[in-house]
Amino acid sequence: MELVIAKDLTKTYGSGDAAVSALRGISFSIEKGAFVSFIGPSGSGKTTLLNLMGCLDKPSGGRLAVAGIDISGFGPRDGARFRGKHIGFIFQSFNLLPVLTVFENVEYPLVMVQDVPASTRKERILGLLDSVGMMDQKKRFPDQLSGGQKQRVAIARALVTHPELVLADEPTANLDRDTAQTIIRLMKKMRQDLQTTFIFSTHDTRITDEAERIFRIEDGRLKSNGNSGGGGHG
Amino acid sequence: MANIWRIAVRNLFRYKRRTILTLSLVVIGIMFVTLFIAVTGSFKSMMIGQMTDSMLGHLQVHRKGYLASIDNLPLNLNLKLPAYKKLEKRLSELPEVEAYSPRIKFGGMFSTFVETTNIRLNGVDPDRESRTVPLLRSRVILGGEKPLEKGEIWIPELMSKSMKANIGDSVVIIATNQDGSVNGKQFRVSGVLESITGPGGRDGYLHIEDAMEVLRMEEMEVSELAIRLKNFGALGSFSSKLEGLLTPEISKQGKPIFEVHTWEGLSPFYNIARMIDLMTFFIKLMLIAIVLISIMNVMIMAVYERIREIGTIAAIGTLPGKILAMFVLEGLFMGAAGAVIGSILSGVVIYITNLVKITFDFGRQTGLVLSTAINPTDLLTVCGIVIVVSILASLQPALKAARMDPIQALGHV
Chain A
6 MELVIAKDLT
16 KTYGSGDAAV
26 SALRGISFSI
36 EKGAFVSFIG
46 PSGSGKTTLL
56 NLMGCLDKPS
66 GGRLAVAGID
76 ISGFGPRDGA
86 RFRGKHIGFI
96 FQSFNLLPVL
106 TVFENVEYPL
116 VMVQDVPAST
126 RKERILGLLD
136 SVGMMDQKKR
146 FPDQLSGGQK
156 QRVAIARALV
166 THPELVLADE
176 PTANLDRDTA
186 QTIIRLMKKM
196 RQDLQTTFIF
206 STHDTRITDE
216 AERIFRIEDG
226 RLKSNGNSGG
236 GGHG
Chain B
-16 MANIWRIAVR
-6 NLFRYKRRTI
4 LTLSLVVIGI
14 MFVTLFIAVT
24 GSFKSMMIGQ
34 MTDSMLGHLQ
44 VHRKGYLASI
54 DNLPLNLNLK
64 LPAYKKLEKR
74 LSELPEVEAY
84 SPRIKFGGMF
94 STFVETTNIR
104 LNGVDPDRES
114 RTVPLLRSRV
124 ILGGEKPLEK
134 GEIWIPELMS
144 KSMKANIGDS
154 VVIIATNQDG
164 SVNGKQFRVS
174 GVLESITGPG
184 GRDGYLHIED
194 AMEVLRMEEM
204 EVSELAIRLK
214 NFGALGSFSS
224 KLEGLLTPEI
234 SKQGKPIFEV
244 HTWEGLSPFY
254 NIARMIDLMT
264 FFIKLMLIAI
274 VLISIMNVMI
284 MAVYERIREI
294 GTIAAIGTLP
304 GKILAMFVLE
314 GLFMGAAGAV
324 IGSILSGVVI
334 YITNLVKITF
344 DFGRQTGLVL
354 STAINPTDLL
364 TVCGIVIVVS
374 ILASLQPALK
384 AARMDPIQAL
394 GHV
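Line order of the protein sequences matches chains A and B.
If you use this note's numbering, the first sequence corresponds to residues 6 to 239, in order.
If you use this note's numbering, the second sequence corresponds to residues -16 to 396, in order.
Cβ-Cβ distance ranges computed for the label pairs, FRET-style:
#1 Asp224(A) - Ala272(B): 49 to 59 Å
#2 Leu275(B) - Asp224(A): 48 to 58 Å
#3 Glu7(A) - Leu275(B): 50 to 60 Å
#4 Asp183(A) - His395(B): 26 to 36 Å
#5 Tyr334(B) - Pro122(A): 41 to 51 Å
#6 Ile3(B) - Glu36(A): 53 to 63 Å
#7 Ile3(B) - Asp13(A): 53 to 63 Å
#8 Asp13(A) - Leu275(B): 51 to 61 Å
#9 Leu261(B) - Lys90(A): 49 to 59 Å
#10 Lys224(B) - Pro122(A): 53 to 63 Å
#11 Thr17(A) - Thr364(B): 51 to 61 Å
#12 Trp(-12)(B) - Arg29(A): 41 to 51 Å
#13 Gln149(A) - Trp(-12)(B): 20 to 30 Å
#14 Gly48(A) - His395(B): 13 to 23 Å
Chain A stretches covered by chain B per the calculated footprint, using a threshold of three residues with CB under 8 Å from any CB of chain B:
#15 57 to 64
#16 76 to 88
#17 104 to 115
Cross-link-like lysine-lysine pairs, in silico, BS3-like; alpha carbons within 30 Å at most:
#18 Lys383(B) - Lys90(A)
#19 Lys383(B) - Lys63(A)
#20 Lys267(B) - Lys27(B)
The hints are simulated quantities; they were obtained by calculation from the structure and are not laboratory data.
All values reported here derive from a predicted model rather than from experimental measurement.
C-beta: ideal position from N, C-alpha, C; glycine also.
Please work from the sequences and hints to get the whole structure.
This is the structure we're talking about:
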């Protein structure tokens, strides 16, 4: 079953002579439970594509459907609702809220986005923290954690709402090689455990081996359709 | 909501020094306004109380046109007996009235047999007068152990000193009656009155029957009727009610007989009271400016410093309304905390000023003790202003945060 379907997707910034095409008619589909990487050099359009799939931006043309819903025409409010329900985010700079503890950071989407009752929250959060190996750090604040630990918390936060799709934009860019591989493997393990679809962008070829499908983007166009990957499903 | 509160409070204490500094500004502003209201309000109440309770009464009724000529104390504008009886009947039916006192006011000559000078006099019924203006007796600084009796006179302190008229001395009052004939009567000085600020503050007092005798009145006439209410706070509504009742009373010429004036229309101190109210208003405006500028400044900084965080929570799926609430609550918390701390500290300072017993002089009155107090309504108003202004001050930065584009916010460096 396909979770993401993109057809002739275009994105142009600006207009007239100053128009810049970030995406030039991209079409692809990603099945549910996949572990997919978009690779390409800086400025190739990876982040733009992830922004479109995450309802953070609107395509200029073409159609984009996620979880069976056409999100091409979503405004900011509809986009926010959709993200809260269907999508988890992992950021390059971790983006944990500094005033909240590890536990509270993971709890945030459940409280502020999904209004999950307190009775079910704790069990879910502790389970995830255990899975990402951060149980013993749950009372710490982000500034007391290493980069790898922060990204583990960010993964738990992205998964706590049980999203169908997790989007990770350069999730290992701020990590050393070993930590980067650990994080990618952790993401893969979580995919296996929860059957969540992971799509991440990177230009770091060292970690793409873990992906099951790799899409190469160059100059806003798909250069390979993602049928090759090093990791294999499962 | 509890979670938004928790995040808001933690964000505020992220930069403790800045928050404490802003909070201090709000607290100082509240203390300044509260203390100003407490001091000026107490001064105002004291002065109003002193004037109404020792001289004017809460309100007065005169014959129409009397007040315009009150400087001349015109005897031809006295209320005649039938009009006075009508008025008395009306007042006796009104439950709001605690007491009332008829007065005959006139000007005359005061002679000690050695020297002679002018004097303004009030002929009063001592019992009714003391029930209407209960502090009158407290103004008697020499003599006055017993109520004023017939043949006795209370004279103002300045006159006692300048004319060397002491307790027990015989003096003569000479006055011209309405027809122009002159009459005189001998009195014994039985009290010396402390002078106070305001109209009638330097008048002498004698028995109303003596006044009638000096003025050769065959039946009682009344220059003014002072009224004391059970509830001073209801003065405005009672005044309107009484005016409504008395307006239909018209003379043979078809003109209204009575005019009603509250103390505000009788005393120039009312203008000072109005000025105090105006100053209080401007002080409140200053407080609004302090709170508005300081909280808005902090909130603008907070939004600017947290652009990436705003982008993150927006990307996660936080709705704009919740982002708005988060920032508004920060401002609200700061305002509310400032209001609570400011109110407590103001209460402490007011308590201390009352313990210290600060004295001040006003006009010829010296050693008046400043008795500061703030009523809960004023305190709640000040706190309410601070809280509302805090919300308004955080609204603009909060709206900016809520409307922020997540992509731009996440890309902010």
